[in-house]
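Asks: Sequence:
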Amino acid sequence: MSQELESDDVVGVITRQIEARYGMTLDKLRAAVTAAPGADPGAATVLRWCGHLTDAQEALTRAEDALVAELGSTPGELDDPALALAHQVNAAVSVRDGRAMVVRYLLDGNAPGNRTAWSGPSRTAGLAPAIRTTPVARPAATTVPVRGAVR
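Those letters in the sequence shown? Residues 1 to 151, by our numbering.
Be a bit skeptical, because a hint or two may be false.
Just the calculated beta-carbon pair ranges, DEER-fashion [said to hold, decoys possible]: (1) Ala35 <-> Ala86: 38 to 46 Å; (2) Pro37 <-> Thr74: 46 to 54 Å; (3) Gly12 <-> Asp108: 31 to 39 Å.
Keep in mind that the hints were calculated from the coordinates and are not lab data.
In this text the structure is predicted, and so the values were computed from the model without any measurement.
Ideal placement from N, C-alpha and C gives every residue a C-beta, glycine not left out.
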């Protein structure tokens, strides 16, 4: 598998997850969100972060191309410009992977604290109903004299 296919695969996998989650292609989802931006704030957020992910993938591809060009022009040990480009590639991979994690988090309805999560079937669907309980009976409060209180 080529390096280009592997790096593009991250965006492809995330795109397929978005399409599966919303039941439509990314283009149709964009059109639906554009037509009714307030209908599903979660979808708008996912699309915004998907755009950030795509931008990060493009930056990574440019950094990789620059590194390959530099390595092809100077055979032998890595010089400072090639090393700087290698660091750029590493940083671009981190940014791309971080943005992919955000999109996956937004798509995960079971993620802790996820307020934009899918409101599909409840996590508790299919479980037995909760047992009804009554509050614990507590004795009535008794009055205790307070020292120094004025009567």
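Asks: Against the structure, test the hints numbered earlier, and report the numbers of the ones violated in rising order.
Replies: Hint 3 contradicted; others consistent.
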